Amino acid sequence: MTSASTCATCSRNASTATAGDELTTEVDRLRAKIGERRREGSIDPGYARQLDAAAAGLAAART
1 MTSASTCATC SRNASTATAG DELTTEVDRL RAKIGERRRE GSIDPGYARQ
51 LDAAAAGLAA ART
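Going by this note's numbering, the sequence shown opens with residue 1, and the numbers climb by one from there.
Treat the hints as calculated values from the structure; they're not laboratory data. Please read all numbers here as calculations on a predicted model, not as lab measurements. Please note that a few of the clues may not be correct.
Said to hold, decoys possible - Below, in silico cross-link-like pairs of lysine to aspartate or glutamate (EDC-like), each with a Cα-Cα straight-line distance of 20 angstroms or less:
no., residue 1, residue 2
1, K33, D21
2, K33, D44
3, K33, E22
4, K33, D52
Kindly generate the complete structure, drawing on both the sequences and the hints.
Structure (structure tokens):
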């Protein structure tokens, strides 16, 4: 493997890591919003648990 190929691979991996970090950040934000809505009574606690589990599944699916 040439150094140019190695750099391209590193760059691709860095982009994937950045996208993964962005997804994690957005999922964390979504989960916080779900918790906020549950606490204020806007959504049923059972439904909030379902939404939270689905959001957690989004983050887990990226790995």
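Comparing the hints with the structure gives:
no., hint, verdict
1, K33 x D21, "holds (18 angstroms)"
2, K33 x D44, "holds (14 angstroms)"
3, K33 x E22, "holds (17 angstroms)"
4, K33 x D52, "holds (10 angstroms)"
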